[in-house]
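This is what each chain is made of:
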Amino acid sequence: MSRRRLQRSVRAPRPPRARGPKFLERPGIWFNQHLQTLIETLGRLRANPLPSIMTVAVIGISLALPAALYVLSENLRAMAGGWDQTAAISLFLDLKVADQQATNLADQLKSWEEIANISLITPDQALAEFRDLGGFEDALDRITENPLPNVLAIYPVPEYASPDHLQALQERLLDLPEADFARMDTLWLQRLQAILDLVQIIALLLGALLGIGVLLIVGNTIRLEILNRRIEIEIMELVGATAAFIRRPFLYTGAWYGLLGGLSAWLLVSLSILVLQGSVSRLASLYHSEFRLSGLGFADTGSMLGASILLGFIGSWLAVNHHLRGAKPI
Amino acid sequence: MIRFQNVFKRYPERGDALSAIDFEIQTGEMVFLTGHSGAGKSTLLRLIGLLERPSRGQVLVNGRNLGTLPRRDIPHHRRQVGMIFQDHRLLSDRTVFDNVALPLVVTGIHSKEIERRVRAALDQVGLLARARATPLALSGGEQQRVGIARALVGRPPVLLADEPTGNLDPDLSREIFELFERFKYVGVTLLIATHDFELVNSRQHRTLTLDAGRLVSDTGAW
Ligand SMILES: Nc1ncnc2c1ncn2[C@@H]1O[C@H](COP(=O)(O)OP(=O)(O)OP(=O)(O)O)[C@@H](O)[C@H]1O
Ligand SMILES: [Mg+2]
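Chains as they are written, first to last, in full-length UniProt numbering: chain V, 1 to 330; chain A, 1 to 222.
Be aware that one or more of the hints could be misleading.
[Stated by the list, open to error] Far from chain V by the CB rule (all over 10 Å, computed), these chain A residues:
1. H36
2. S42
3. G49
4. L90
5. E198
6. Q204
[As the list claims (entries may be wrong)] Partial selection, computed: residues in chain V whose CB lies under 7 Å from chain A:
7. F31
8. L35
9. N228
10. E232
11. M236
12. V239
13. A241
14. T242
15. A244
It is worth saying that the hints were derived from the structure and are not from the lab. Yeah, the Cβ is synthetic: ideal placement off N, Cα and C, and Gly gets one too.
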């Protein structure tokens, strides 16, 4: 620095101005500052990648576990949904009931409000089905007369599909003079549904538990960040930074951690499904099924990312509230 | 502009660092604050910048009683009071430019305007060429001048300087004081703590002298 230069450069200053622009004078400032902080905080994460990646990975794994459990239960539900079409009640008619009589009865039952649909399986149809299944040829060849009764497959309307309603419906049906006996084949389905409900509750609980974990991870990361930048925070306060200005980058950093963690959870779940898809398809084909695993849907992905951003934000908010308090000289 | 009314500052482990301080500084005055080391000069400046609160008495800046200033107004108060610290208080991991820009950045003004004003401030202290350096690469005197640029970049109506020329040679000191005098002429109120008695005597400004926390002399306005 040459002396001559300093001489030349010392100029008369401008008249002072008390403050920077007032907030209302420049509505763009607010948005501008937020956008700038958003970009700056991301840049800071990139500048210090290793600890950032570790934090993001821990968040990702924590979120991937409950998400995977949820996806699993949804897939099982979808699989079970394929069997939902089985008749809720099979009503076996008396052997003395003729085909025409059975058709009439079916038409009559259709008017019951509990019943959505009825299909009649005549003895001939049933026999044909048996033949198709194979293995019974010898036995069937020896019968001269069809020993099978007419069967009504009864599908209830959804409002009457609960076990209690089905029980009542079955009793009403058995009161019919044509009825011989009835079979309900929904119990195992209901058990499966109950198990799936349980799995989803466990996924939810696990999600809540691990969500708290994410809160703590982000909180701790932000706490360290605040400690690292203590001097900077102090100097910013000395030159007139508001509390909101100082908090903002930490809050955004937390939100970034949440978003990146959520994205990695999504990636983990999607990759797992990709890996499992082949074996599931092979298994399904053994059961003559086209079943394919489905991943996190659009809405599910959206809510997972939203939740993870929120968790990151709240985690950093807690840290900021706890550790930035008292940073002020007074 | 600055008014002290019977101000005491007591540190529990030390006793009174300031006792019964009473004075008033008008807008546009340039005042020296002198006294031996440990007399309480930095403490007095810290009370004005609201880095600390008095144990007793009142400090008023621009008619506002700092004792009743709500916490959320402290940042705005600090923006009106530019402070030059004895120990510089620079961020060593930021460039000179970014250090000087800090008071503007926290107000959220546009980056073009920041750029313009930071360059002007650096120019005033003769450090424009070192804008991209980090403070650690600068000499003590250069760091001092970065601190000065940072204090004046926001054009605050009050400027507090704690040993602003402690690390500067006589020529540079004189130039910095000429800069301060120009600020005085545009209405800035300056309070400059220094124990460079020679400098104080050579420039004719009102001088407050502290001795062991008491105000022992006030030359009054020149
Ligand atoms: N935070 C503190 N806690 C306790 N004592 C303090 C504190 N700050 C200052 N003091 C004491 O108050 C007295 C005045 O300190 P101050 O820094 O104001 O002196 P000064 O006049 O600026 O001295 P110098 O010229 O050496 O900078 C000193 O004795 C110091 O030890
Ligand atoms: Mg001092």
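**Report entry** Non-interface claim for A/Q204 versus chain V (Cβ beyond 10 Å)
**Finding:** Non-interface label stands for A/Q204: nearest chain V Cβ at 20 Å, farther than 10 Å.
Query raised in the report: Should the label of A/S42 as a non-interface residue stand, given a Cβ cut-off of 10 Å to chain V?
Result: A/S42 is indeed farther than 10 Å from all Cβ atoms of chain V, at 13 Å.
**Report entry** Per-residue hint verdict: V/E232, partner chain A, C-beta under 7 Å
**Finding:** holds (6 Å)
Query - chain A contact restraint on V/L35 - CB to CB distance below 7 Å - result: violated (11 Å)
Query raised in the report: Holds or violated: is the Cβ of V/T242 closer than 7 Å to a Cβ in chain A?
Result: holds (4 Å)
Query raised in the report: A/H36: least C-beta distance to chain V exceeds 10 Å?
Result: A/H36 is indeed farther than 10 Å from all Cβ atoms of chain V, at 25 Å.
Query raised in the report: Minimum Cβ distance from V/A244 to chain A below 7 Å?
Result: violated (9 Å)
Requested in this report: Would you assess whether A/G49, listed as outside the interface, keeps its beta-carbon beyond 10 Å of every beta-carbon in chain V?
Outcome: violated (8 Å)
Report task. Tell me if V/F31 is really an interface residue toward chain A, meaning its C-beta lies closer than 7 Å to one of theirs. Result -> violated (10 Å)
Query raised in the report: So is A/E198 really clear of chain V, every C-beta pair being over 10 Å apart?
Result: Correct as stated: the minimum Cβ-Cβ distance to chain V is 20 Å, above 10 Å.
Query raised in the report: Is the hint on V/V239 kept, meaning its closest Cβ partner in chain A is under 7 Å away?
Result: holds (4 Å)
Query raised in the report: Given V/N228 as an interface hint, is the shortest Cβ-Cβ distance to chain A below 7 Å?
Result: It is violated, given that the least Cβ distance between V/N228 and chain A is near 10 Å, above 7 Å.
Consistency with the previously given hints fails for numbers 3, 4, 7, 8, 9 and 15, ordered from lowest to highest.
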